[in-house]
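Protein chains in written order, with numbering that gives the first Met the number 0: chain A, 0 to 212; chain B, 0 to 311; chain C, 0 to 404.
There may be inaccurate statements among the hints.
Derived CB-CB ranges, DEER-like [said to hold, decoys possible]: (1) R85(A) <-> T310(B): 37 to 45 Å; (2) R238(C) <-> W43(B): 46 to 54 Å; (3) N150(C) <-> E169(B): 17 to 25 Å; (4) Q152(B) <-> V57(A): 28 to 36 Å.
List of simulated lysine-lysine pairs, DSS-like, C-alpha gap at most 27 Å [what the hints assert, rightly or not]: (5) K158(B) <-> K177(A); (6) K105(B) <-> K177(A); (7) K140(A) <-> K289(B); (8) K289(B) <-> K177(A); (9) K68(B) <-> K105(B); (10) K72(B) <-> K105(B); (11) K158(B) <-> K180(A); (12) K69(B) <-> K139(A); (13) K68(B) <-> K79(B); (14) K140(A) <-> K105(B); (15) K131(A) <-> K289(B); (16) K158(B) <-> K289(B); (17) K105(B) <-> K76(B); (18) K105(B) <-> K69(B); (19) K105(B) <-> K289(B); (20) K69(B) <-> K49(B); (21) K105(B) <-> K180(A); (22) K69(B) <-> K140(A); (23) K289(B) <-> K139(A); (24) K68(B) <-> K49(B).
By construction, these hints were calculated from the structure, which means they are not laboratory data.
Keep in mind that this is a model prediction, so the values were computed, not measured.
Here a beta-carbon is modelled for each residue, glycine too, at the ideal position from N, C-alpha and C.
Residue-level listing of the chains:
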Amino acid sequence: MTPNDEGISGRVQALTYTVIAAAFALVLVLFSVECPHSRRESRSDYARRTLPPEPAPVLRPSPPLSDTVFPCIDCHDVSEAVDQTRRVLTDDHETLTLAHGDLWCLSCHSPAHRDQLQLADGTLVEMTESWKLCTQCHGKKLADWRAGVHGKRTGFWWGPKEYRACVECHNPHAPPFKPLKPLPPPMRPGRIGAPMSAQAATTSGTLEGAESE
Amino acid sequence: MSDDDRRRLSPEGASRRKFLRTVVAGAAGAAGVGAAVSGEGVDWEALLQKNFREMSREELDAVLRRLEKKYSKRYGKDVKVSATGPLEGVVYGYGLDVSRCIGCRKCVYACVDENNQSRDPQIQWIRVLEFERERVERGFVMEDGNPYYDHEQVPAPGKVYLPVSCQHCEDSPCTAVCPTGATWTEPDGIVVIDYDWCIGCRYCMAACPYGARKFNWGDPSVPDADINPNMHLLGNRPRSRGVVEKCSFCIQRVRDGQYPACLEACPVGARKFGNLLDPNSEIRYLLENKRTFVLRAELDTRPKFFYFWGTA
Amino acid sequence: MNGLIQFVRFAQGSAAIVLRGSRQYWTWVGLLLLVIATGVAAYTNQLTHGLIVSNMRDPMSWGFYIGNFAFFVGVAAAAVILVVPAYVYQWGPIREVVLLGEIMAISAIIMCMLFVAVDVGRPDRLWHLFPGVGLPNFPSSILVWDILVLNAYFAVNFFVVTYIVFKSYMGQPYKPEFVYPIVFLSIPLAIGIHTVTAFLFMGLKSRPFWNTAILAPRFISSAFCSGPALMIIIFRVLRAVSPIPISNAALRKIGELLGYAMAANLFFLGCEVFEQFYAPTRHTIHAEFQWFGLQEHGIAVYTWFALVCNSAAFLIFGISRLRDRINVLTVGCVLAVAGVFIEKGLGLLLPGLTPDMLGEVYRYAPSLNEVLVAAGVWSIGALFFTLMARVAMAITLGEFRYQQK
C-alpha cells in the first residue's frame, strides 16, 4: 500500500496545484456570498408603524392626606397669634422628625393660613401644589423632573404617562428615601440542579467574597 | 474465507455499516429527539418551522395561532401571541440612574413576572451588582460587583448598585457569532432571539461581555397562574428547554408605546427609556444633560444602555 | 457494474474481517461496546432532562464536551505530521504507516462532531446549520466555518483512505493523480481545522483569556504534540496484537518531530505566562485562577501537573538517548497526551470562563453524566478506528485480496 515509487510526476504536480487553487477559489467565492440575512437585518415585510401623537405627561394627583392630620384648622385656631420663633415642638407634632436642611415648620407652612403652604416670599400655595415649594431650592431637580429624568414615571414612553409630585416619594419633613428590604438574591448556579443527576457539590462565590455555606 | 462464512455475513461492510447506522439513527432520532428534547411530544409543525425572518406572513400567522392555542390550553388563560413589528423612526435607548438605584431588586422580579421567566430552574434576566461606592467613582470593573448581597435594608452604606441586563449593543458580539442566525438586531435596535430556531450551542453566551444571556438548562417552569398572557413571539412567550434567552426591552410593551416592566417597578425612578432618535425624549435629555457611561466601553460594542448620575 | 460488484465484495469481506478475531480483539471490542452503551444511556438521560444533568451552568456555559472537541480537533490535525514526510518527502518508514494516521484523523473528526452534537441544547434543530434547509450565519460565525473545514477535512481523508484501501484490496496500484492532489489539500486543511477552531475562541473579545493571537499557534503546537504521541501509542498496540510492519525508525522519526512540537508548545506557554504575569492587569485573574486557583477551586494542581508531564515528555523527545529507547518514548507519549489533554481540555475552558463576566467563580467539574457521555464518544471513535484499521492492516498484510470467481 505504499505510494508510487517513481516520485511525483509533472502531471501529478500540475493536478495538485490545480486542485489547491480550485479549493482556494471556492473559499473566496463562499466568503463573498452573504448569508441570506446579515445580523442586522430582519423581516423585509414589516408594515410601517407609527403611534398617534402623545398627550402631555400628567402630574398624578397626590394621595389625599389622612384625616388625622388634615385639615390643620381642626386643631389650629388661627384667631390666636402664632409663636414664630424657631424651636423644637414639644406639645404636639413632637413625634414628627424634621430633618430637612435648615428649614423649620413655618418655612413652608403658612402661619396665617394653616391649610396652605407658603413660598419664601409668603405667596400661598395649595397642599396639592406642594412641589412648588421644593423647586425654590431644588431648581435643577425641577428641570429634570419636568423632563422625566428625575422621579418615577409610569404608563407609556410614547403615550399617556404620569409623573408624581415630590411628596409622593419624599417625605417633606425628612426627604431622604427610607431604605427598604431588598427582594431575595439570585440562586447560586451550583444550587440549580436536576432531580435525577448525580450532581457534584459545586459552590461559587464572586471575587468580592466566597460563598459561605 | 469459506463459503459458509460468506453466507453468514451481513451485506454491509464495516465502514458502510457504521455510516448507515449513523444516518438511520439520525433520521429516526430527529422525531424522537424532538419529542424528548422539547419535552412536548412530536410537533411536526414546530420541528420544521422556519426562521422568523424567512417565514411568509401566512406561515407567521399560523405559528402565532398555533402557539396561542397551545399556551391557552396549557395555562388556562386567554393567551395572545403577537409579532408586532418595529415603529418607524424609533431606536430604543435605556438609562439607569446610578445615583438613585437602591438595589431593591424590584425590577428583577417585575421582569420575571412580565416575561414569563422560569422560576425553577431560576432564570433572572436582570442581575443587580453591588459595588463599593469609591470603586465606581474612581474606575471599576464589572467583576468587582457582587450580585448575592442580602442585607436587611438597602441601600447598604457606602454601596452603589448597578443592574445589568442585555445592553442591546449596536455592534453586538452575540449576533455575530450565532451559527444559525437565531439572534439578530431589529430595525428599532432590539437584539432579539427566535426561540424556535436557536439550537442551544451557547456560543452567544460565550461572546456576550455582560453576562446577559441565560440558558434553559432544564425544563423551564412558570406557575400557570403567574403566566403573563400578553406575549410577543420574540419576547416573553414561554421558552423551551435548551435555548438561550435574555432581556428583549419588553418588546411586547415598548412596540405599543408602553414603558418596560422594570421601569415601572422601580420605586425610585432610576430607570429611563425612550426613543434615541427623538430629540425631545427623556433618554435624549439625560444623554445631553447628565454624565453618562457605558459598561466595557473599550470593547466598542456600543451599548444602548446608558448609566448616568442623576445628581448634577 | 464491475466496480460495484468489486466494492460489494470489499464491503462483505471487510465485515467478515471485523467479525472475526482473537479473544484479545473481542475483549477490546466488547469493552468499547459496553462503554458506548453506558454513553448512550447517559445521553438518553441528558435528552430526557436537558443539559441540567451536566454541571455546566450560566457562568460556565461550555465545559467538558467543548474541551474534548478542542483536543480531538488537534489530534485530527496532527495526521499531517505523517502526511508530509510520507507524500512530500516520500520517506519510506512513514509511508508504511501514513494510512493508519489518516484513519486516526477520521476517527478523531467523528469524535469532534459527536462532541458538538451532544453539547447543543436542541439537537433536533441541528439541521438549522446546513445551507439550503437552514440558515447558516456565514461568513460571520466562525462556528459555521469550523463545520465547513471539519467536513472538508473528513471528506478528504475518507476519500483518500477508502480509495487507497480499495485499490490495494484489488491488488492494483492507486493512481497518484487522484491521491496526491487531495492529500496535499489535506495539509493546509489540517492547519485550517485547528486554526479555525482556535479562531472560535480567539474571536470572542469578551473573554480576554482567549482573545489573544497566540492561541492559534498554541493550538497547532499542542495538536502536534498530542496527535503523533497518540499515534505512537496506537502503533505500539497494533504491533503487539498483529504482525503489521511498523518500523522503529518510523516511531523514532515521529518522536523526533514530537520534540520540535513540544519545544514550540512549551515556548508558547512561556510567552503566555510572561504576558500574563509580568505586567498584570485585571484580566490576569484568569491566569491567576489557572495557576494558583481562586477560592479553593482546585484547578491549579492540574495545571502544574500538565506542565510537569509536558516538560518530562519534552526531555524524552529531545534527548535522543531516551527517545531511541522505544519504551521510554512510549512513556513520553503518554505524558504528552495527558499533559495536552489537561492543557487544552480543562486548561482552556475553565480559566477562559472563570471568573465569568459578572465576577462569578463557579466551581465546575464535569458531572458523572458528562463523563459517561464523553467516554461513550471516545469509545465510538476508538471502535471506528479499530474496525477501519483491522481492514486496512489485513490488506497491508496481504490477507485480504480481491479474488475473481
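Q. For this structure, which hints from the list above don't hold up?
A. 1, 3, 9, 10, 12, 18 and 22
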